[in-house]
Amino acid sequence: MDYAYYPGCSLHSTGLEYGLSTRAVFRHLGLGLHELPGWNCCGASSAHSVSHTLAVALPARNLALAQAAGQDVVAPCAACFNRMKSADHALRSNPVMRAEIESIVGFTYTGEVSVRHLMAVLYEDYGPARIAEQVVRPLYGLKVVPYYGCLLVRPPQVTQFDDPDNPQVMAALLKAVGAQVLPWSHATDCCGASLSLTRSGVVQTLVGRLVERAREAGAEALVTACPLCQVNLEMRQVEQPKMPAFYITELLGLAFGLPEADKWWRKHLIDPRQVLQQIALAGVAG
Amino acid sequence: MLDDLTITVNRLSEQSTELCYHCHKCTAGCPVVSEMKYGPDRVLRMVALGEVESLLSSPDIWLCAGCMTCATRCPNDIDISAVMDALRQIAVQQGYPAAERDVLLFHRLFLGVVSQLGRSHEAAMLGLFKVLSHVPLMNDVGAGVGLFLRGKVPLLPKTPRNRAEIRQIFDRSR
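Chains as they are written, first to last, in the working numbering: chain A, 4 to 289; chain B, 66 to 239.
All clues stand as given, with none of them false.
Result set (BS3-like, lysine-lysine): computed pairs, CA atoms no more than 27 Å apart in a straight line:
{"#": "1", "chain 1": "A", "residue 1": "245", "chain 2": "A", "residue 2": "266"}
{"#": "2", "chain 1": "A", "residue 1": "266", "chain 2": "B", "residue 2": "223"}
{"#": "3", "chain 1": "B", "residue 1": "195", "chain 2": "A", "residue 2": "270"}
{"#": "4", "chain 1": "B", "residue 1": "223", "chain 2": "A", "residue 2": "270"}
{"#": "5", "chain 1": "A", "residue 1": "270", "chain 2": "A", "residue 2": "178"}
{"#": "6", "chain 1": "A", "residue 1": "266", "chain 2": "A", "residue 2": "146"}
{"#": "7", "chain 1": "A", "residue 1": "270", "chain 2": "A", "residue 2": "245"}
Bear in mind the hints are in silico, worked out from the structure with no lab data behind them.
When you get a sec, could you build the whole thing from the sequences and use the hints?
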């Protein structure tokens, strides 16, 4: 299966290991990712704060590129996914907006390509059962909580991703590779997003609460599918001991025995290797 | 333009703010309400009452993190995050100084970099933000160095070739 690929800006910078592990995992599963040529930033949380038109036009240009490629477009970043889905929703449901955006971007919207989040592709197109078949190093004993955050699941009529109150996709993928997924209360709570830079105190409080709840649930690590959540979780923790936040693709890659996984851990602000060493022991014992 | 704030906000946000019956569900679930002056449900009330001045100069419209918890829980299906966006857009358009100056500065710098380079470039954006914002210069220097040492803040931007095309989108979207 082949997909158009929209890495987004973060996967070349703060979310480097998300980009590396995404490519490695898709390659391993035989899923083709074809990076959109000349893609632009989706505008993130800034465009919709100052201009509704710009907030639709920026991702619409990427939709136009995907449409030209004739392939569904996969976005690993929850924020990019959300912005592209919002633009697609606006183009689909609002003819006045569609005409305006078509003239700004210079394309004709057909609505033929879908915007997909990476986890939806892995879950729906590939499936947890086949993912389980690829496991050479099961993550037995690794206690994690799935953290979805906001933008994958909300607003549900736009993102159409899983159950907005009780999403299960990430847990299913993690269970397929043997991780111990713990139930917890804060899977879809907010990390503070782009307030991280401007009001870091707010983000420290929110992240502190998430980590506290994860620890209460018995977790050794959080798992995310969003580069902004991940950097906030690792950068804004104040209390010791600190808890690492994995990208879902890193744990899949580790379970598949991909040799490049070793390079991902040192990209973390909170080194996750101590947690992984524990499961290496747990794996032997189990 | 602001003769009727409800009409303007409803048009920009594509919402029906008058449907609010103040159940406070939005405010109860808002992760940043403790930092706000009014909170989401009072913001909706102020829209209805046309309290333009206090609303557009409030920190609340800039503190909304856009998590959309309120939008998902509202029993009347009002996307309050979209209402917050509309209020920010009006405040910018009308030249209201943002009560959260650094938040607006961040958005402007971010979009400024994207309009020039086509993509975000952390090194440029963070550098400018450090110099221009009220956030103390030495805040986050440790984390910044940590990210840099891990190769996560590349000094040279990776930009697409057709930047003029992207700049044109900015020009046409004004």
